[in-house]
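Residue numbers (my numbering), protein chains in the order written: chain A, 1 to 115; chain B, 116 to 229.
Think of the hints as simulated: they come from the structure by calculation, not from any bench.
On a predicted model such as this, the values are computed, not experimentally measured, just so you know.
Don't be surprised by glycine CBs; every beta carbon is placed ideally from N, CA and C.
Do not take every clue at face value.
Derived DEER-like restraints, expressed as beta-carbon distance ranges [to be verified]:
1. A:P108 / B:N140: 26 to 36 Å
2. A:T14 / B:A181: 29 to 39 Å
3. B:P229 / A:T38: 51 to 61 Å
4. A:G96 / B:Q228: 20 to 30 Å
5. B:Q131 / A:S79: 31 to 41 Å
6. A:Q18 / B:P229: 44 to 54 Å
7. B:N172 / A:T14: 14 to 24 Å
8. B:Q228 / A:L83: 29 to 39 Å
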Amino acid sequence: KAGVTQTPRYLIKTRGQQVTLSCSPISGHRSVSWYQQTPGQGLQFLFEYFSETQRNKGNFPGRFSGRQFSNSRSEMNVSTLELGDSALYLCASSLGLAGVSYEQYFGPGTRLTVT
Amino acid sequence: LAKTTQPISMDSYEGQEVNITCSHNNIATNDYITWYQQFPSQGPRFIIQGYKTKVTNEVASLFIPADRKSSTLSLPRVSLSDTAVYYCLVGDGGSGGGADGLTFGKGTHLIIQP
């Protein structure tokens, strides 16, 4: 069974631009969660989608948004990029909602650098 | 507001048992406690999950006291390859509980020496 895949793996953008990251969950998994990881803040939860609906959201500004498609694939978008958005963005999938006893499987991440 | 608190770092030696404790005073009734392991430049990997008492699998044990306000991950006979960051995660059950959602702690950087 294929694992969680994320594209692209590396990305360099300029301040003010926007970016879209993609995540394909493990087949059969209906929940996709997104996390931002930086050396200073650690691993921070962005949002979780389940059956195309956002079920949980972390404390991030509205510039961070996401969506989930009917095949469970998910995208996250960051508009008006800031230098502080440089981070490793991780996607995780699970059979059900991640907080309710379901194990999350993480992808390799997308390394975003904002210059 | 952080939902979990763990030591920032720990050192141990090969062959020893390592116990990492996570504090989660505000754990909700329907929250599960999950531990993940992360190596540099990789996504976290699930280790173990529990709700109460004790859970054991082939790699670790998880001890949860009756009040569930803390939990302890126990790694038996560690090796150099166990050097990693360990995260304690408390989930709010997808109750739509607002901004907290799923929260990882800052993680514990475990260093195993020969």
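Okay, the hints, checked on the actual structure:
{"no.": "1", "hint": "A:P108 / B:N140: 26 to 36 Å", "in the structure": "34 Å, holds"}
{"no.": "2", "hint": "A:T14 / B:A181: 29 to 39 Å", "in the structure": "54 Å, violated"}
{"no.": "3", "hint": "B:P229 / A:T38: 51 to 61 Å", "in the structure": "31 Å, violated"}
{"no.": "4", "hint": "A:G96 / B:Q228: 20 to 30 Å", "in the structure": "40 Å, violated"}
{"no.": "5", "hint": "B:Q131 / A:S79: 31 to 41 Å", "in the structure": "49 Å, violated"}
{"no.": "6", "hint": "A:Q18 / B:P229: 44 to 54 Å", "in the structure": "48 Å, holds"}
{"no.": "7", "hint": "B:N172 / A:T14: 14 to 24 Å", "in the structure": "46 Å, violated"}
{"no.": "8", "hint": "B:Q228 / A:L83: 29 to 39 Å", "in the structure": "37 Å, holds"}
Violated hints, listed in ascending order, are 2, 3, 4, 5, 7; each of the other numbered hints is respected by the structure.
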